[in-house]
Structure formats: C-alpha cells, structure tokens
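Undergrad: Given the structure of chain A, go ahead and fit chains B and C onto it with the hints provided.
Residue numbers (this note's numbering), protein chains in the order written: chain A, 714 to 993; chain B, 4 to 327; chain C, 21 to 298.
Hints listed in this document are in silico derivations from the structure and should not be mistaken for laboratory results.
All figures in this text were calculated on a predicted structure; none of them were measured in a lab.
Don't take each hint at face value.
[Unchecked claim] Reference listing, derived: stretches of chain C covered by chain A, where coverage requires no fewer than 3 residues with Cβ under 8 angstroms from a Cβ of chain A:
(1) 68-78
(2) 203-213
[Unchecked claim] Anything over 12 angstroms on all C-beta distances counts as not near chain A; from chain C, calculated:
(3) Lys83
(4) Phe109
(5) Leu113
(6) Gly133
(7) Asp137
(8) Ile138
(9) Ala141
(10) Gly158
(11) Glu287
A virtual CB, placed ideally from N, CA and C, is assigned to each residue, including glycine.
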Amino acid sequence: MSTTPLLQAAGLRKTYPTGGSRLVAVEDLSFSLYAGGALGLVGESGSGKTTTVRMLVGLERPDQGEILVQGAPLAARTRGRAARLARAKAVQIVFQDPYLSLDGRISIGATLDGVLRLHGCADRPARAARVRELLAQVGLGAREAAALPRGLSGGQRQRAAIARALAVEPAVLVLDEAVSALDVSVQAQVLNLLSDIRRDTGIGLVFVSHDLAVVRYVCDEALVMYRGRTVEHQPVAELLAAPQHPYTRLLLASVPHPGWDPEGIGRRRRELASSQEAAS
Amino acid sequence: MPLLSYEDLSVLLPGMARPVLDGVFLQVEAGEAVALVGESGSGKSVTARAALGLLPPGASTGGRVTVDGCELIGADAATLRAVRTGKASMIFQDPRAAINPVRRVGDFLTEALRLVGGRSKAEAEARALELLAAVGLPDPPRHLRQYPHQMSGGMLQRVMIAGALTADPRLLLCDEPTTALDVTTQAEIMAVLRALQQDRGLGLLLITHDLDLAAASCDRIYVMYAGRIVETATAAELLAAPRHPYTAGLLGSSPPLHGAPQRLTPIPGVPMGLLESAPGCAFAARCRFARPGLCDQSAPELEPAGGRLVACHLADTVLSEVDR
Amino acid sequence: MSALSWARRIGGGPLLRACVLVLALFVLVSLLAPWLAPQDPTFGDLGNTLVGPGAGHWLGTDKGGHDTFSALIEGTRTSLVGPLAVVLFSTLLGIAVGLFSAWRGGWIDTVLGRVLDILFAFPALLLAILAVALFGKGLTAPVLAMAVAYTPYTARLVRGLAAQEKVRPYIAAYQVQGHSSVFVALRRLLPTIMPTVLAQSTVNFGYALLDLAALSFLGLGVQPPTPDWGAMINQGQAAVLEGQPLSAIVPAVAVVLVVVAFNVVGEHLGDRLAGRES
Chain A
714 MSTTPLLQAA GLRKTYPTGG SRLVAVEDLS FSLYAGGALG LVGESGSGKT TTVRMLVGLE
774 RPDQGEILVQ GAPLAARTRG RAARLARAKA VQIVFQDPYL SLDGRISIGA TLDGVLRLHG
834 CADRPARAAR VRELLAQVGL GAREAAALPR GLSGGQRQRA AIARALAVEP AVLVLDEAVS
894 ALDVSVQAQV LNLLSDIRRD TGIGLVFVSH DLAVVRYVCD EALVMYRGRT VEHQPVAELL
954 AAPQHPYTRL LLASVPHPGW DPEGIGRRRR ELASSQEAAS
Chain B
4 MPLLSYEDLS VLLPGMARPV LDGVFLQVEA GEAVALVGES GSGKSVTARA ALGLLPPGAS
64 TGGRVTVDGC ELIGADAATL RAVRTGKASM IFQDPRAAIN PVRRVGDFLT EALRLVGGRS
124 KAEAEARALE LLAAVGLPDP PRHLRQYPHQ MSGGMLQRVM IAGALTADPR LLLCDEPTTA
184 LDVTTQAEIM AVLRALQQDR GLGLLLITHD LDLAAASCDR IYVMYAGRIV ETATAAELLA
244 APRHPYTAGL LGSSPPLHGA PQRLTPIPGV PMGLLESAPG CAFAARCRFA RPGLCDQSAP
304 ELEPAGGRLV ACHLADTVLS EVDR
Chain C
21 MSALSWARRI GGGPLLRACV LVLALFVLVS LLAPWLAPQD PTFGDLGNTL VGPGAGHWLG
81 TDKGGHDTFS ALIEGTRTSL VGPLAVVLFS TLLGIAVGLF SAWRGGWIDT VLGRVLDILF
141 AFPALLLAIL AVALFGKGLT APVLAMAVAY TPYTARLVRG LAAQEKVRPY IAAYQVQGHS
201 SVFVALRRLL PTIMPTVLAQ STVNFGYALL DLAALSFLGL GVQPPTPDWG AMINQGQAAV
261 LEGQPLSAIV PAVAVVLVVV AFNVVGEHLG DRLAGRES
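Excised from the complex, chain A in its bound form (with noise of 0.2 angstroms):
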C-alpha cells in the first residue's frame, strides 16, 4: 500500500524487573494500521495486551522498537505542553471499566468542555455545541450532559468514555476491553456505535478484546498475542477459518459453541505451554 500507515508499531519489547531476572511482556510487536482500519488484538490475561496498551497511550515506554503515527516517531517521553497535546492527539483510549475510567466528581457535560478547552478551544459557545454535537454522536443528550457519572448506567458511562475520547479528535482510538463489562444487550448497542463512528469518521480502532466473536464484528485484521509474543497475524476471516497457530486454535475450540467439547482444552493447554517453554 502507497499511503503511509496511521499508527505503525516497529519492534515494541517491553520488560519488567521481578526478582533478579526480566519477565518480558511484549516482545517483538510490530504491526501497521491504516486509515479506517481496525485491527484486534486478541489473548488472555499475561499475554501483553495492556502492556502494549499502555505503551500505545504512552503511559509506558517501550524497551525497544518504537511507535509511528503518521509516519513520525512518537517521542516516548513529553516535555512541554505542545508535545503531550500532540501525543494526544495521536493516540486516545477507551478503558474496560467505565465505573472507574470517568471522574466521579465531574459532569459528562463538564468533562468535555474541560477537554475540548485543553485542546484550544478557547470560545465557549463553539465548545458548548462540540460537546452537543459529540454527546449526540454517541446517543446521549442534555440529562446525560448535565449528569455526574453515577447517574448514568454501565452503557452510557461506556458512551460519554468514547466520547471523550473522541473530543480530542485522535487518529486512533484504542478500546482496552471496552465492551466486556456490559450486559449483552447494551454491549451490542456499542458495538454498532464503534462500527458507526469508524465508518463515519475514517478513524484507526485498536480493539482489544478476550472475545474472538467481538472482534470478528468490529474488525478486518486480528493479531493473537500469547506470553507476549505474536503467534499469528491475519485478517479475521482467515484467523477464524484456518487458523494457523496451536494457540490459535484452542482459543477457537474454547469458545462455547453447540455440540461443546471442552474434555480436552486443558490438555491440550498444557502442552502448548511445556512446547512454548521447550522453544524458547
């Protein structure tokens, strides 16, 4: 492809000390996401998906390898005000839990304006119709505007995160899990928001999820993370239809399905980690 990749991931390692040695969390991520794209990234817990959130977000700062979005190098450290709006801009999250990832002390209404305010905006009026505008674009209005987070449920907390998110106008969006803490029925409302708001605004989704179902709606590419490296790299259809990796496939054969046999995934668990551990 010509144009130049919207978010790139080159070589990402990420270590941390316990005891004497390093217990690595990522190793050797790379990956490139295009303009519209979505790309999921799929394991359990240990297996470095939220390390490479974190570092996407730049809450954490990789070993090796760096990040690019747009082409340009992502410094892993800000200095100064122009540099952190910047990164902002670049990359912005939706977290798993939205009972802890909204200020309890703050309205909806209040914490849009705040950021809109801190990404310039400086005329009040433009900013009361942008919080309209985006409040609107993911289903909410005036009472959930002038709420405090809890006066809202589970979904519409989860909505007002996205559109915080969205305020800062980033390239990419990263959803850590964003979905699993809802109810089914509210879940499958967000899920066609996220469709909507990639088809509608050309915007990069990093999707990270344990639901392989999940990921196969919302995204064209998937990347299976196992003990923090990357086992396969595909595009969903093909994950799904011929997966390539062992891990791969247990995951596959764990989803409850009918006609469900889960007699062997243990066994067959533990022999994929005694190999990984043989070859490594």
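TA: Frame of chain A; chains B and C shown alone:
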C-alpha cells in the same frame, strides 16, 4: 420429585419499586445441567442463593423452594444446616474473594471435612487429595500445601469446586463461575463441572449472563428478566427458535463467530432497575413487538407456547416473526 | 438511664449534634471574646483571691485574683489558634509530601517513606519541648515543632490514598488527554481525596489542642498573664489542694469538651466517607 424446585418464589425488599423475584418457577433434576440466564439486576443470583436459604436481609418472601424434599423458605436453622452441609453447595464468580488468603488450601479443605464430616485429620487429608484430583488439579499433595496467592484464578476456582464437594452435595449451584476467567480456562472449568454432573449424577444450576455458554453446557435453559422467568426450553430449542422477544433480543445482540456477518440488532434501552416498575410486562418498554393497551397493562403469565413455557402476550404471534 | 440506651446514643445522632454545637459555641466565643468577657482576665484583684462563684465572679477567681470566667473566654482564643496553626501547617505540608511521594513513586517514595517513619518515632510533645529549649518559651516555637511532628500523619494518609487513586483509569485518561502531571495531581486527584484528609485533620486538631495545653501546663507554652487553658490549669493546681478546685477544673473541662468534640466529629466524617466509598 425434582432435586431443586422453585414454586412461585417471590422476594420483596423494602424500598424497592418491584419485587426482586416475582413468581419464579424452576426445576433441576438429579444429574441434569440447567442454566439460568439473565443480565445484571435480573435476580438470577438471588434465585441461586435462595436454594441455600440465603435471602437478602429484610426480605419478605412468598412461595416455596425445596432441595431434595427439604423446604427452605421459613426453615429452622437445623434444616438449613442439613441442606448446606449435605445437599447443596455453591461456587462463586470470584474465587479469590471466597477464600481466606492467609490459610493454606489444605486447611481450607480439611477444616470443612473435619468439622462437618467428623473425620480424623488423616482421613480428611486423604479425602482432600481425592477431591483435588477429581477437579483435575495435576499435583494434589503440592496444592494442599499452597496458599491461594500461589495459584492462578483457574486453579483456585477448581479448589473452590473441591471445597463445594467436601459436603458430598447432590446439587451444585454455580454463580457465574467462569466470568472472571480466560476463555481457555473457562472451558477447563466447564469440563470439570460437566464431568461431576455426568459421573456423579450431580444436579447443576449454572447462573450466567452468557447465553452461548449456557446453551453449550446445559440441557435446559431458563431466561430471566426483571425478576421473572420469561422463557424456558431445552438449549437446542431455545437457540433455534426463541419465543420470547427478550430471548430473541439477546440472541440478536451477541455477534456470531461463524456465518455471514450482519449488523447486530440490539435491544434498545437498559435492563429495568429495582427502583422502576411497570404495571404490565416488564420488558414492554424495550420490546419492539409490544402492543399498547395490552403489554403495558397486564403482566403475562408463564404459559405453554410452541412446545415450551413463555411469558409473553404475543408468544404465538411473535413466534413466526422472530424465527431465524 | 440504662447503659444500653447510652451505648445506642453514642453511636447515633444526638452525640454528634451536641459535639457540633459545642464546637460552634467555642468558635463563636473565641471570635467575640473581648465583648463577652465581663472583666479583664489579666487584672489580678489581690483583694479577692480564690473566691467561690458569686455575683462578681461567676466562676470565682484564682489565687492571683484573676476572674476565671473571663480567663476562660479570653483563653479560648489562644487555645484554639495554636492547634489551628498546627493543623493548617501540618495538613499543607503533609499533602505536599504525600502527594509528591505517591505521584513520583520509585526511590523518591521509598526515601520519603523512611523519613516519615523516623518522624513518627518522635512524640509531638517531645519535639515541642525540644523547640522550646532551643528557641525559648511561647507559642511560636512549639507550634512550628508540632506542625512538623503532625505532618507524618497527614502525609502517610495522603500518600496511601493518592497511590490508590493514581492507578485508577480516570487518572490515566486525564494523562492520555494531554493534561500536565501537576494539573492532574493537584486539580483532579487531590480534590477526590481531600474530604478524607480533612476528616483526619479534624481529629488532629483535638490532639494538637491537648498537646499545646499540656505544654502550657508545664509552663513552656503560652506565658501568663496571656490567658490560656493549659496555663490556667497550671496556675490553679495548687489551689486544688486548698479546697478551691474551680479555677483548675473549669479550663480542664473546656479542654476535654473540645478535644472529645473534635474527635467525635472527625471520626464521624471519616466513617461517613468510608461508608460512601463502599
């Protein structure tokens, strides 16, 4: 006689606009796996706890709950103890919250065996080893000496299942037992539960929000909404042709893993809270089939429709429209 | 009244309301002291020493002939201003140290934690006495010393709360939005934990008052003839043996009332916040 039976169980809490549970009917036979599916606030956990005689403080109740012939509503302490220590056990969503973090796994297991079962120390330890092996833990003698923080969530949930088995129950109540676990670990835990149900003839009541998990691992499914059972059928029937608009809505809300991709049709609005009430069908406000003057006026009873029980005024008309 | 019904009352509202009322009363008195005191408390009427309560002296006089009631009222000022200064300084300092420590984390947090541990080992009163030995008697030196001694309590509380709050996603969201660390820590994190910190400061106020009164009682704090409750107890103690205990008992009761009231109100604030959290 069914192993577990709810007959018209209602639970009212002071200060709430509607009953937490409203005329619940549910049965589990020995050796049968039954799922109770619902969203947050539907009352599914309250239902499960009622089978151990655990009701929210200040609740007023109506109807009956029996476990193996023992009536639990209004039962005396001796009956409750007899049920909890020999007939029914429960496992929970978060095993870490349900186990004392400063005591060894072995103490956790043998304490119950010695206290309730009256076994000697050696006997209790031998039994604990058996139970740890039965839930598929690879090295029982080592696990007996471990502390909870040394185990993964999946292993700890197995310990909790072993703990539930110390009382030799005939009924296992599982309240979202795999929600906090990874997908592969969920499969392993469900395999353990299935083996217990099939090999030991345990009755299993699985409380979950996940209709796919329920259908894949249980024989029959009850769907609960706002404290009422709205539909019950075999797992296969329910998935193939939901008769209640809420069940259909749940199915339309979860993206499929295979098949042609199509846009989800979510249920509008949010589940009904305990501070809201409706004179008619609790689901009417979110239902795209609801008929004004009917659905918002009177609450539908759970009645036979299409070879199963459905609580919907329009069960027979909706039936043809939502077939998929 | 049975012990049971008393226990019930202590847990409930009437005690709290009474304590709030007591505090309000003392604050009001301290503000209006010059207009409320019927006589000049520094004037020693040597013709009327150690008289009992009567029309001229409502609560009698001490052995120097000072009017006890007037001294009590004027003493409210010095007795409340000292602890107020201690609590203000220690709260500000504690917030600064605790917040910085939690926000930066790493070795800075470890070092500051050790420093606080060492400060914890010094009783506030001992530090105050040390300050008096170095800088002389009066209110200023002990107040500053005690402000330092009370800082670890607030600092450790702030550090714990802030460390807990810092890892919450909403704080990460502010950082990702591009806000500066100073803004997030001071304008967003601090207000969230402030109510709990203020509850602790309220409790500290009572203890600081007690410590300062003890210092004055030892003759190291506020110096006569400036009226102060601790100094009044000191002046009155000899008279207790002569069968005239009123000039010592009156300020002692005032100290107990205020300390208990601050404790009850502070604990209640803390409990209510804990209840709101869960």
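Undergrad: All hints, please: hold or fail.
TA: Results for each hint:
1. Here's how the region 68-78 of chain C fares: 0 of its residues keep a CB closer than 8 angstroms to some CB of chain A, so the rule of at least three is not met and the hint is violated.
2. Counting residues of the region 203-213 of chain C whose CB lies closer than 8 angstroms to any CB of chain A gives 3, which reaches the minimum of 3, so the coverage claim holds.
3. For Lys83/C, the requirement that its beta carbon stay farther than 12 angstroms from each beta carbon of chain A is met, with the minimum near 56 angstroms.
4. Every Cβ of chain A is farther than 12 angstroms from the Cβ of Phe109/C; the closest lies at roughly 27 angstroms, confirming the non-interface assignment.
5. The claim that Leu113/C is not at the interface with chain A holds, since no C-beta of that chain comes within 12 angstroms of its own (minimum 25 angstroms).
6. At the 12 angstroms boundary, the C-beta of Gly133/C stays outside the reach of chain A, the nearest C-beta of that chain being 19 angstroms off.
7. Taking the minimum C-beta to C-beta distance to chain A, about 24 angstroms, the non-interface status of Asp137/C holds against the 12 angstroms cut.
8. Separation of Ile138/C from chain A is adequate, the least Cβ-Cβ distance of about 28 angstroms exceeding the 12 angstroms criterion.
9. Every CB of chain A lies more than 12 angstroms from the CB of Ala141/C, the least distance being 31 angstroms, so the non-interface label holds.
10. The beta carbon of Gly158/C is kept farther than 12 angstroms from every beta carbon of chain A, the shortest such distance being approximately 42 angstroms.
11. Distance check for Glu287/C against chain A: the nearest CB is about 24 angstroms away, which clears 12 angstroms, and the non-interface claim stands.
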